[in-house]
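Chemist: When you get a sec, could you build the whole thing from the sequences and use the hints?
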Amino acid sequence: MRNNKAAVTAVAFAAAAALALSACGTGDDEAGSSAVADISAAPKAKAATVLDQPFTKPNLVLTDTNGKEYDLREATKGKPTLIYFGYTNCPDVCPLTMSNISLAKRELSKADQEKLQVVFVTTDPERDTPASLGKWLSAQDPSFTGLTGDFPTIQAGARQIGIGIDAPKKEKDGTVVSMHGAQVIAFSPKTDKGYVLYGEDTSAEEYTKDLPKLIKGEAP
Amino acid sequence: MNRRPALAGFLALTLGLTSAGCSSESEPELKVVDAFMPQPVSDMAAGFLVVQNSGGAADRLTSVTSPLSDDVTIHETKNQKMREVSSFEVPANGELELERGGNHIMFMKLKQKPKQGEKVSVELHFEKADPIKVDLSVKETAHNPKKQ
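Protein sequence lines correspond, in order, to chains A and B.
First residue of the first sequence? That's 1 in our numbering, and the numbers climb one at a time after it.
First residue of the second sequence? That's 1001 in our numbering, and the numbers climb one at a time after it.
Quick caveat, the hints were computed from the structure, so don't treat them as lab data.
In silico lysine-lysine, DSBU-like type, Cα no more than 30 Å apart, as pairs: (1) K1081/B / K135/A; (2) K1113/B / K169/A; (3) K1081/B / K105/A; (4) K135/A / K1111/B; (5) K172/A / K1078/B.
In silico negatives: residues of chain B with every beta carbon more than 10 Å from chain A: (6) E1027; (7) E1089; (8) S1121; (9) E1123; (10) D1130.
Here's a subset of chain B near chain A, in silico, CB distances under 10 Å, partners left out: (11) M1044; (12) A1046; (13) T1077; (14) K1081; (15) R1100; (16) G1102; (17) H1104; (18) A1142; (19) K1146.
Just so it is clear, CB atoms sit at the ideal spot from N, CA and C, and this is done for glycine as well.
Modeler: So, in structure tokens, the structure goes:
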């Protein structure tokens, strides 16, 4: 409530409303219940989910944004690594996720920044060429790795770490519906296993808090 | 910084009661708040806002136009897929929320790339109510009011 006048109006309204309601009969309280749900939707205490049974790093060999072959296991061996599956024709969640990670990464020491590998794998390889993917990623963080390749390989890699993605589908009107992965997976530099999950609603602050631990392979 | 749910509760409590019983005689009364655009990273952008309806009749958001792009559509996001829709309901005595990770306005082939601090003008068109002109404030790419 912005001021006292509003509060007074509210009381007046409520009083009048109660009368109006009894006069009019049929009260549908749908608006009221949705407001209650709104308020109770408090952010959960912790963004990270630490896995009891960590994922083995997928054996993914794809093409990076320079058009070169990139072997995920080899390139990220012994390094703290975050992996996310998304696509560049995605106005909201994909840039939000990359941008949150980028903001958090900038809070790390220079040495830690160099250790952290952030890998974005496209779920829409037909439209995301190495060049277009590179342009999109570098607008967010030039240090991020972008990978593309053929869809079945990407899908199989995602599946190995519990991420389900469907192939982009062309609708009747010609628009393409792609999908992004639901989670960011963190791999430990100590074990090379995927041991922590982050949902798509994880904020930059939450990543900032957790990254120093992930760099050391500790549980956040 | 969480004023809106309280305001929503206030609206629901007062207005929900006033007109719930007499909705057939009411009209939608719309107001747009919390409108923003995260600074785009490519030639596409998303817009977010809340349409509050204090009237006793529902309405529908049917289209959005903007000088920034000739290709503006409205999208829902479900199960990590986004899909264009032809309209969104603005419930009576309720609100339509376009929020990060969910429903949004999508701008394609941007004529220029708006920067943080700038404003992007849009016009919202509804089935019943008159069009509403509103400015989206351009915020940082990671801006998400729910997380502040």
